[in-house]
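> Chain by chain, the residues run as shown.
2 protein chains.
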Amino acid sequence: MRKQTSKQAAYALGVDYGTNSCRALLVDVADGTEVASAVFPYPTGEAGIILDPKDPNVARQNPQDYIDGFIHTVATVVRDAAKKVKGFSPEQVVGIGVDTTGSTPLPVNADGIPLAMTPKFRKHPAAQAWLWKDHTGWSEAARITEAAHQAGVPYLAKCGGTYSSEWFWSKIWHCEQTAPEVFDAAYTWVELCDFVPAFVTGNMKPERIARSICAAGHKAMFGTAWGGLPSKAFLKKLSPKLAALRDRLYETTMASDEIAGFLTEDLARAVGLPRGVPVAVGAFDAHHGAVGAGIKPGRLVKIIGTSTCDILVGPERAAIADIPGVCGLVPGSVVPGMIGLEAGQSAVGDIFLWFARNGCPAEYRRASDGASIAALEQAAAGQKPGASGLVALDWNNGNRTVLVDPLLSGLMVGQTLHTTAPELFRALVEATAFGACTIIRRFEEHGVAVREVVTCGGIAEKSPFLMQIYADVCNRPMRISRSAQTCALGAAIFGAVAGGAYRTTAAAQKAMTGVKDIVYKPIAAHVKVYAELYEVYRSLHDAFGKTGLHPDLEGVMKKLIAIRQKARQ
Amino acid sequence: MRKQTSKQAAYALGVDYGTNSCRALLVDVADGTEVASAVFPYPTGEAGIILDPKDPNVARQNPQDYIDGFIHTVATVVRDAAKKVKGFSPEQVVGIGVDTTGSTPLPVNADGIPLAMTPKFRKHPAAQAWLWKDHTGWSEAARITEAAHQAGVPYLAKCGGTYSSEWFWSKIWHCEQTAPEVFDAAYTWVELCDFVPAFVTGNMKPERIARSICAAGHKAMFGTAWGGLPSKAFLKKLSPKLAALRDRLYETTMASDEIAGFLTEDLARAVGLPRGVPVAVGAFDAHHGAVGAGIKPGRLVKIIGTSTCDILVGPERAAIADIPGVCGLVPGSVVPGMIGLEAGQSAVGDIFLWFARNGCPAEYRRASDGASIAALEQAAAGQKPGASGLVALDWNNGNRTVLVDPLLSGLMVGQTLHTTAPELFRALVEATAFGACTIIRRFEEHGVAVREVVTCGGIAEKSPFLMQIYADVCNRPMRISRSAQTCALGAAIFGAVAGGAYRTTAAAQKAMTGVKDIVYKPIAAHVKVYAELYEVYRSLHDAFGKTGLHPDLEGVMKKLIAIRQKARQ
Numbered sequence: 000m001r002k003q004t005s006k007q008a009a010y011a012l013g014v015d016y017g018t019n020s021c022r023a024l025l026v027d028v029a030d031g032t033e034v035a036s037a038v039f040p041y042p043t044g045e046a047g048i049i050l051d052p053k054d055p056n057v058a059r060q061n062p063q064d065y066i067d068g069f070i071h072t073v074a075t076v077v078r079d080a081a082k083k084v085k086g087f088s089p090e091q092v093v094g095i096g097v098d099t100t101g102s103t104p105l106p107v108n109a110d111g112i113p114l115a116m117t118p119k120f121r122k123h124p125a126a127q128a129w130l131w132k133d134h135t136g137w138s139e140a141a142r143i144t145e146a147a148h149q150a151g152v153p154y155l156a157k158c159g160g161t162y163s164s165e166w167f168w169s170k171i172w173h174c175e176q177t178a179p180e181v182f183d184a185a186y187t188w189v190e191l192c193d194f195v196p197a198f199v200t201g202n203m204k205p206e207r208i209a210r211s212i213c214a215a216g217h218k219a220m221f222g223t224a225w226g227g228l229p230s231k232a233f234l235k236k237l238s239p240k241l242a243a244l245r246d247r248l249y250e251t252t253m254a255s256d257e258i259a260g261f262l263t264e265d266l267a268r269a270v271g272l273p274r275g276v277p278v279a280v281g282a283f284d285a286h287h288g289a290v291g292a293g294i295k296p297g298r299l300v301k302i303i304g305t306s307t308c309d310i311l312v313g314p315e316r317a318a319i320a321d322i323p324g325v326c327g328l329v330p331g332s333v334v335p336g337m338i339g340l341e342a343g344q345s346a347v348g349d350i351f352l353w354f355a356r357n358g359c360p361a362e363y364r365r366a367s368d369g370a371s372i373a374a375l376e377q378a379a380a381g382q383k384p385g386a387s388g389l390v391a392l393d394w395n396n397g398n399r400t401v402l403v404d405p406l407l408s409g410l411m412v413g414q415t416l417h418t419t420a421p422e423l424f425r426a427l428v429e430a431t432a433f434g435a436c437t438i439i440r441r442f443e444e445h446g447v448a449v450r451e452v453v454t455c456g457g458i459a460e461k462s463p464f465l466m467q468i469y470a471d472v473c474n475r476p477m478r479i480s481r482s483a484q485t486c487a488l489g490a491a492i493f494g495a496v497a498g499g500a501y502r503t504t505a506a507a508q509k510a511m512t513g514v515k516d517i518v519y520k521p522i523a524a525h526v527k528v529y530a531e532l533y534e535v536y537r538s539l540h541d542a543f544g545k546t547g548l549h550p551d552l553e554g555v556m557k558k559l560i561a562i563r564q565k566a567r568q
Numbered sequence: 000m001r002k003q004t005s006k007q008a009a010y011a012l013g014v015d016y017g018t019n020s021c022r023a024l025l026v027d028v029a030d031g032t033e034v035a036s037a038v039f040p041y042p043t044g045e046a047g048i049i050l051d052p053k054d055p056n057v058a059r060q061n062p063q064d065y066i067d068g069f070i071h072t073v074a075t076v077v078r079d080a081a082k083k084v085k086g087f088s089p090e091q092v093v094g095i096g097v098d099t100t101g102s103t104p105l106p107v108n109a110d111g112i113p114l115a116m117t118p119k120f121r122k123h124p125a126a127q128a129w130l131w132k133d134h135t136g137w138s139e140a141a142r143i144t145e146a147a148h149q150a151g152v153p154y155l156a157k158c159g160g161t162y163s164s165e166w167f168w169s170k171i172w173h174c175e176q177t178a179p180e181v182f183d184a185a186y187t188w189v190e191l192c193d194f195v196p197a198f199v200t201g202n203m204k205p206e207r208i209a210r211s212i213c214a215a216g217h218k219a220m221f222g223t224a225w226g227g228l229p230s231k232a233f234l235k236k237l238s239p240k241l242a243a244l245r246d247r248l249y250e251t252t253m254a255s256d257e258i259a260g261f262l263t264e265d266l267a268r269a270v271g272l273p274r275g276v277p278v279a280v281g282a283f284d285a286h287h288g289a290v291g292a293g294i295k296p297g298r299l300v301k302i303i304g305t306s307t308c309d310i311l312v313g314p315e316r317a318a319i320a321d322i323p324g325v326c327g328l329v330p331g332s333v334v335p336g337m338i339g340l341e342a343g344q345s346a347v348g349d350i351f352l353w354f355a356r357n358g359c360p361a362e363y364r365r366a367s368d369g370a371s372i373a374a375l376e377q378a379a380a381g382q383k384p385g386a387s388g389l390v391a392l393d394w395n396n397g398n399r400t401v402l403v404d405p406l407l408s409g410l411m412v413g414q415t416l417h418t419t420a421p422e423l424f425r426a427l428v429e430a431t432a433f434g435a436c437t438i439i440r441r442f443e444e445h446g447v448a449v450r451e452v453v454t455c456g457g458i459a460e461k462s463p464f465l466m467q468i469y470a471d472v473c474n475r476p477m478r479i480s481r482s483a484q485t486c487a488l489g490a491a492i493f494g495a496v497a498g499g500a501y502r503t504t505a506a507a508q509k510a511m512t513g514v515k516d517i518v519y520k521p522i523a524a525h526v527k528v529y530a531e532l533y534e535v536y537r538s539l540h541d542a543f544g545k546t547g548l549h550p551d552l553e554g555v556m557k558k559l560i561a562i563r564q565k566a567r568q
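Protein chains in written order, with numbering that gives the first Met the number 0: chain A, 0 to 568; chain B, 0 to 568.
Calculated directly from the structure, the hints in this document are not laboratory data.
As the structure is a prediction and not an experimental result, all values here were calculated from the model.
Identical copies look the same in the list; a pair holds intra-copy or inter-copy alike.
DSSO-like mimics (lysine-lysine), calculated; alpha carbons at most 27 Å apart, straight line:
1. Lys558 with Lys545
2. Lys565 with Lys545
3. Lys557 with Lys383
4. Lys557 with Lys53
5. Lys527 with Lys558
6. Lys558 with Lys53
7. Lys236 with Lys557
Extracted from the complex, chain A is given alone in its bound form (with noise of 0.2 Å):
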């Protein structure tokens, strides 16, 4: 299986960047072996993130972090792994993965130069990254939506028949209406995956920029079914502009197995690597993270951060019909020949970060944020299924999966006073975990099996209280990916791939992924009394998200109340 001949050690890298932070991390392409990592935590905004006091829904990034960021960690794995690896050479790394969160697209100049590291545009904030969760564009999102159903044309089918603020073309477009000035300086867009792997290997020029299936085909309706992106037509109906724009951006996507270029002499120099180190396509990070995690047909990878990712992969031959609401449906956006299945909810640890730092009673505050995490946690522990009489939606920052609508909000319900500090957090772990469950529900109606779960991401390894919540509610034995950096390990697949070390995605994952020991098993008397919580939960779901259903919920109180009784006898 193995291509090289020489007996020699060879590593392969990946960087991945996430929300606040970008992670490199170095492993042995035998057998996946974690060798050293490095973190970069974005120096700039709150936590890495440009916000707006007067618009929750801006999020912004600075590019220039990004650069900054590959370089120190790269740099750091590099020197760490010669301190630790006896015999290490800089020359054993055969290839470089890249992955990041998305859909993050940044304006560039005719050079592929951020817009945002030109002194022109340095502090604007329209010229900056849109972050993935960036919200400023639902009335485009909207729009684009009523459009599209409008002129009858397939470009939702493969996104749950939603336009999603999230993504490229409503960020683009919003940019467009409210920052004309950057727009029209702007020569192309570029998703974070793509501009990547672009600027380390000198292939900025637009023409010459890979550019991702994964993030075209999930995010920005790019289809070989009607010949790449939507129409100049259908762009033209939405704004003349960004008809104009379509010939500016890419006709061609490719997948992570293919090489994007060869690492520059100059970031070479800079990171203590040998030039022409192949670089591998881009892609998101929850792509990469379900790859790293081992995934194949019927292995749910739920990637558990601030957001979750929730990854499927199919045989492309199947014919896996459109789901309402499962956000894309792309020929190799995971793994190269199978279709992705992308779903996702749109806020999890960012929840509970949030009531970390907006919630939570002194009693429970700890040095870090973390730390007071895993004190509600340790106090929430003790507590059984029901008996806070409380359950909230998982809609802080709106809902991807299954009702694709960032204008949604919170909620929480079966407050008394005496209702404790870990008690809403439990209710809002379980909300996290009533989201999945009304996730794999989905995939289930529509005739795609969820046989296992596999969770990556910090907090499922840090939270066996939330693993088990999960699979309590969820119902399913789930299970943890051994790596705990599945994103970057993902993304050093890609690199071993790209460096030649396997011929196919599978044989590497094969060799370089596996899961724990450890599974959390539905335990049968919680599953009862989740499941009469799913019913609550869902009947809120339904009459405040947009399903037409209309439930009655005259006796939501007063069956919380019952459930709560019960479960304090």
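For this one, chain A is given, so just place chain B on it according to the hints.
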């Protein structure tokens, strides 16, 4: 007007039993000048309340605390007055009035001794006083409502059509159902507002206890139109033992301008007063509070404390129709000679206290709960109405008026990842204002005009923040009673009447009460936004409360976001 012929000063004493403490207030009968006051926090339980961690409906109190509170506070004010007022003599105290929370009934033996003060039942939770906010009798309340409707009896006509778990019969019947050993040992049950005058005057023998028209009429379905308490036949349908108890309750009631008895020698010695001081018939705190705030037709008195009571009076000859959801229309219950109307919210200050203890991040936490609330208020004061995008229901302790349903709970909607604790806090304050507005609307819909609002209670005093929100939400100027201790002042007014200082309650009110100069006027721009938010509140109210209206909630979150956007511009 003054009946006293001598020029010598005369004083009246009011003793006010609140939820967490009792207070004595000594006032000059000439003009209501407050000479001395003292507070006694009940030592038993949590902030004076005996709770049950297994059942948040439980709220009991130790009767011994009431006795200790009387002795401690009255002795203190008498001692302090002697220090403060030159020539003061205890002989100048002409009368004592008493008000208490309610319905707070306690079981007593044939000598009128509370069972909780007998060795056998000292620790028995059911033998304690059943505090107004004890909701354990919720299923009994529902069964009483159902039975009254089935039997076609008029008992509920004057209390909003729905019997409450907070009231007399629900509690007593629940005791019979769940603690028969206590029920069987009780000779009779006494409201706290009747127990205190009985105890301090030595009229403890059940047949000698003066029973307050206020407690009887508002909470025990006592009405002269149907021969006093509900008929034995009706009670028998509930339980034969309740029917038997009726013979050991009472046939007649008295208003607070009558005398319940005279201070015993023992008590007089313990508090430093002469024996034989007249003690007025007791009543509920809100009713005496309304008197202390100078209630008269057209003037709504809002007593804002842990919960809220809204009191109106009308001339007895006025044909005030029964008002759905309004707890009581009782002749003489507030001002003798007028019909008293009582409404209220089950929790107001209690919600803020709950939030300060359970939802307040370290940043706003101060040494005391009150200071934490002040810090949250200060942070919330600058927010524009609607800018948080939040709306809450004020039902953490159920809903008294207009839904009369303890089996409801809190709800908060509109949270994002940027929502702050002061925003959540402000939304809770606004929720209580929306609840207040709902009550005013209900009165006016049924032809009872609310021309002016006078507030009293510690919160009205301390919080210009809350007062302005109430003025804006209710779209009415809000005034504050001159006295900070309106309930105790109202009790003192009845003490003055009992002592012969005035012939009528109205005359005593005129001399002894007043309002402060400050007026909180509605701000037009705020009124407009709050009218929009009230619609959201009302649709949540109508959807989750039993109203039969089932409003469509699909647009609620979007509407809140739109209001938020506009407010932040």
